[in-house]
Amino acid sequence: MSKNVLAILEQREGTIKKSSFEVLSFVETFSAGNGFTSHAIVIGFDIVNIEEIKKFFSGGIITIRHEKLHNYSSSAYGNLLSDFIKANSIDLIFLSNTVFGRDIAPRIAIKTDAGLAMDCVEISNLNGEFIATRPVFAGKSLEEVKVIPERKIFTLRQNVFKKEELSDFSAKEIKFLEPQDLVLKTKAKEIRKTSGKLDVAEADIIVSGGRGMKGPEHFHLIEELADVLGAAVGASRAVVDAGWRPHNEQVGQTGKTVSPSLYIACGISGAIQHLAGMSSSKYIVAVNKDKDAPIFSVANYGITGDVFEIIPALVEELKKA
Amino acid sequence: MKIVVCVNHVPDTATKIKLSKDEKTIDSAGVSYVINPYDEFAVEEAIKTKEKFGGEVIAISVGPDQNKETIRKVLAMGADEGIHLKVETPLDSFGVAKLLADEIKNLNSEIIFFGKQSVDYDNSIIGQLTATILDYNCISNCVVFTLESNTVNAESEIEGGREVIESELPIVITTQKGLNEPRYPTLKGIMAAKKKPITEKLVNQPEPKLELIKLKNPPEKNPGRIIGSDASAVTELVKLLKEEAKVI
Chain A
-14 MSKNVLAILE QREGTIKKSS FEVLSFVETF SAGNGFTSHA IVIGFDIVNI
36 EEIKKFFSGG IITIRHEKLH NYSSSAYGNL LSDFIKANSI DLIFLSNTVF
86 GRDIAPRIAI KTDAGLAMDC VEISNLNGEF IATRPVFAGK SLEEVKVIPE
136 RKIFTLRQNV FKKEELSDFS AKEIKFLEPQ DLVLKTKAKE IRKTSGKLDV
186 AEADIIVSGG RGMKGPEHFH LIEELADVLG AAVGASRAVV DAGWRPHNEQ
236 VGQTGKTVSP SLYIACGISG AIQHLAGMSS SKYIVAVNKD KDAPIFSVAN
286 YGITGDVFEI IPALVEELKK A
Chain B
176 MKIVVCVNHV PDTATKIKLS KDEKTIDSAG VSYVINPYDE FAVEEAIKTK
226 EKFGGEVIAI SVGPDQNKET IRKVLAMGAD EGIHLKVETP LDSFGVAKLL
276 ADEIKNLNSE IIFFGKQSVD YDNSIIGQLT ATILDYNCIS NCVVFTLESN
326 TVNAESEIEG GREVIESELP IVITTQKGLN EPRYPTLKGI MAAKKKPITE
376 KLVNQPEPKL ELIKLKNPPE KNPGRIIGSD ASAVTELVKL LKEEAKVI
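In the order they appear, the protein sequences are chains A and B. Heads up: the first sequence begins at -14 in this note's numbering, then just goes up one per residue. Heads up: the second sequence begins at 176 in this note's numbering, then just goes up one per residue.
Think of the hints as simulated: they come from the structure by calculation, not from any bench. Fair warning: this is a prediction, and the values are worked out from it, not measured in the lab. Positions of the beta carbon are idealized from the N, C-alpha and C atoms, including for glycine. The reader is advised that the hints may include incorrect statements.
On the chain B side, residues computed to face chain A include the following (Cβ under 7 Å) [unchecked claim]:
hint: 1; residue: E356
hint: 2; residue: K376
hint: 3; residue: V378
hint: 4; residue: L385
hint: 5; residue: V409
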């Protein structure tokens, strides 16, 4: 039976995020493979890269546009999306498992009587049943779940599903909807950027430092390596708890669980709660003096040397290339 | 003012997870359980709110008998009473949220704190589900929280920054690391907690919305290669990252 599929996209400050394009590509392939009808929706005001959607997605594109909707409002966004889903009999809904996705998905689930599987890394179709695989215990284990209600919502882990441009795409019209009578019970007034730097949750490459960096004053080495690679800076719990680095950089079970293409762990021994949060990275490099450090058990490539010698050398080598 | 904090009892983050034979649960032998780390921020914020505005802090937990240990810890930190919604078999997030929402409705509380995520099943949705069922406002991932009469000003941590959010009571707040420094229970607090009431309620299991098929172990990582032990190894490393891994 054909189904209506919806990709919910996220814009921040007028730009649709990379993770939303991953969702678009997933929905494009998934809908084509199952013969489903697909739509993509984004709420905002002036969206600078709205035309980009067409390069990744052949379904219908809808924008709910209003000045007051430039910043996120959980109440307004939740109501608008839920109304759209009900009015258009949407069966399957996909969005990225970002802070936005985690905030809005449960809201929509209640309002539209949907079931919900969060942070999925795989979704397979087993005789018409959609089985979602998702990490639990920060990735120490995985669970396979089936969403029971007819209407189902899935959030997709960032950096797991690849965005892929269509080989040819045609000019489509983007449908604009102007909402009436907006009530914003909860609203974001502004966004304060932490440092203008890349966030570990979104980065494709992460360079992380641990206790082996010996003090906050040495983290410029981590930052330099991150800079040449276009990477985000991460940190272990030990150095966050010691106050060397801000908690938004923490990777692990009580920080962020990440799946980048490349994770470089410098002076991190690899406590179990850290390994849980990063071991699903595609490639892991470990630099640590202690050859028995548990981090080497998950690393693809290891250097058992001094971070203060290896990191500067690595920066030089990368600059050469 | 009745301030509610919802807490969960979870395996310590330092424990290894072993699966039971039925592949539906984890093997709890040798696993030590603790209060969910994010819930400690919720408890601290609830107590701070009470210290500022007066009222009482009520801790609620849904789960088996063992969850009482976590409720007791929250009472030792400074909460006034506990409610244990006892269920024998695990529920999905919707079930937990439904039970909590029913109880909060009974209590008529207008300010509810949750940890932003439970570090066992990592859904990070129970606060938002509960708020939506109750038709309360909700701010998730909170790192700054202030309350003045009915107005809430808060900051929510998002990727690469913070959203500055305004809302009002009634509200659900989910707490992120960085919001506060949770206090440790004092000896006096631990003694006092023994006399504080925990009401146990047997509740009906709500209809599930998620069916667990099985738990499985993540794919084994093959042991990697040690390339070297000094700076001369970096040339080889960069070559491998480019040509073999193709990640840079």
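Hint check against the structure, violated hint numbers in rising order: Those not satisfied are hints 1, 2 and 3.
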